[in-house]
Amino acid sequence: MNAWITLLLNVGIGSAIGGITNDLAIRMLFRPHREIKIGGFRVPFTPGLIPRRHKQISIEMGKLVENHLLTKEGVRQGLRAAGVEQKLIHITEGLLQKWIASDVTFRELIDKAMPNALVDGDRLAPQIRKNVYSVYDERVTNWLKGVEDKTVESLLSPEILNKVELLVDQFGDMLISRLKDYLHAPEGQAQVQALIRQLVGGSGGMLGGLVGMFLGDEKLVAKIMPHLESILSNPQLIDKLKSTLQVEMNKQLERPISDFLGMISQEELSKWKEKLFAKGEEVGIELLDKRVGEVLLTFEEQISIYWLPRVAQWFTGRLEENVDRLFDSLQIKEIVTKQVEGFPLERLEEMIIGISGREFRMITVLGFVLGAIIGLVQGLLNFLT
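Residue numbers 21 to 405, in this note's numbering, belong to the letters of the sequence shown in order.
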């Protein structure tokens, strides 16, 4: 009987030791949170494993996030794959519709953003105008420097080039029409008569005299005019004129911008920029009391179809190009390290136990079972001996 009691005691004690040891080991992962000293000596295993390694864990977590989770290449791939461009278009389209529906005027918008920007009701304050013009002048100057080696054709869109070609064709028709009108006008008639006199007088001899005697200037003009009109109406002549004009226009389009800038002095260029800026001011003054939505509505289709996709494409492109610089500026590792290091240990303990509490309990139960098995084996060995 005593042998069986001893065996049961071994099983019970082994089970208790195994379970309590595992439970204590789990608790020692988190507690105590601070170092405990007795008589100037630190109690072993204080603080707990996680509190003692809290700083090292935060550093390693920062490295893990920066090197493996939130990487530069991963962000680039995310920008391409996550439909960021389409989301930006959707967001900006919503903002556009919001502004179109708004009753805010440009004056109210300016007064809210810059209360002292306008003087005398509709003029930019001198200092603000000076600053705006300085930025405008710098942008125009830099733009001209950037395009001076490019051809005129390279700066124009296919739509504009098609319109230029159409205008040249229309100009050819207009030129023929104006020539015909000129021939029927008094000045044109006089010019034709002068040319006839010059030709008849220059021919000399009996033939010239006979022509001048029997046919007056008016009769000669009347005889020649139908032939001149016939020549001007000749399709081949018209096509030749148009093709010549088109060739000349293409030559101008293929010239570099620097050729045209060289024809303008710096003084004239400065005056041109000032006039352009003043014209912009006039347009701005006219818009002051108009609703922002009214102006946007006029260009809604162009903004939605042309500008918003290009702005979204430009923005995502700049993001991708500047990911390295953005990461260097953000210092992801340092941010994660500080956040993890500053995370309360109590909250960290609750979070881990909340996630892995079931597994921890199973480990404790396993300790009881293994301890019982070890106690049983030890008891059986004692019983057999």
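In case anyone wonders, no lab produced these hints; they're calculated from the structure.
Hints are supplied without guarantee of correctness; some may be wrong.
Calculated lysine-lysine pairs in the BS3-like style (CA-CA distance at most 30 Å, straight line) [unchecked claim]:
hint	residue 1	residue 2
1	183	170
2	83	57
3	262	150
4	299	132
5	243	150
6	262	243
Quick rundown of the hints versus the structure:
1. 183 to 170: Since the Cα atoms of residue 183 and residue 170 sit roughly 20 Å apart, the hinted pair holds (cutoff 30 Å).
2. 83 to 57: Not satisfied, since the Cα-Cα distance of roughly 33 Å exceeds 30 Å.
3. 262 to 150: violated, 47 Å
4. 299 to 132: Measuring from Cα to Cα gives roughly 24 Å; hence the hint holds.
5. 243 to 150: violated, 68 Å
6. 262 to 243: It holds: about 28 Å lies between the C-alpha atoms, which stays within 30 Å.
Checked against the numbered hints above, the structure breaks hints 2, 3, 5 and satisfies the rest.
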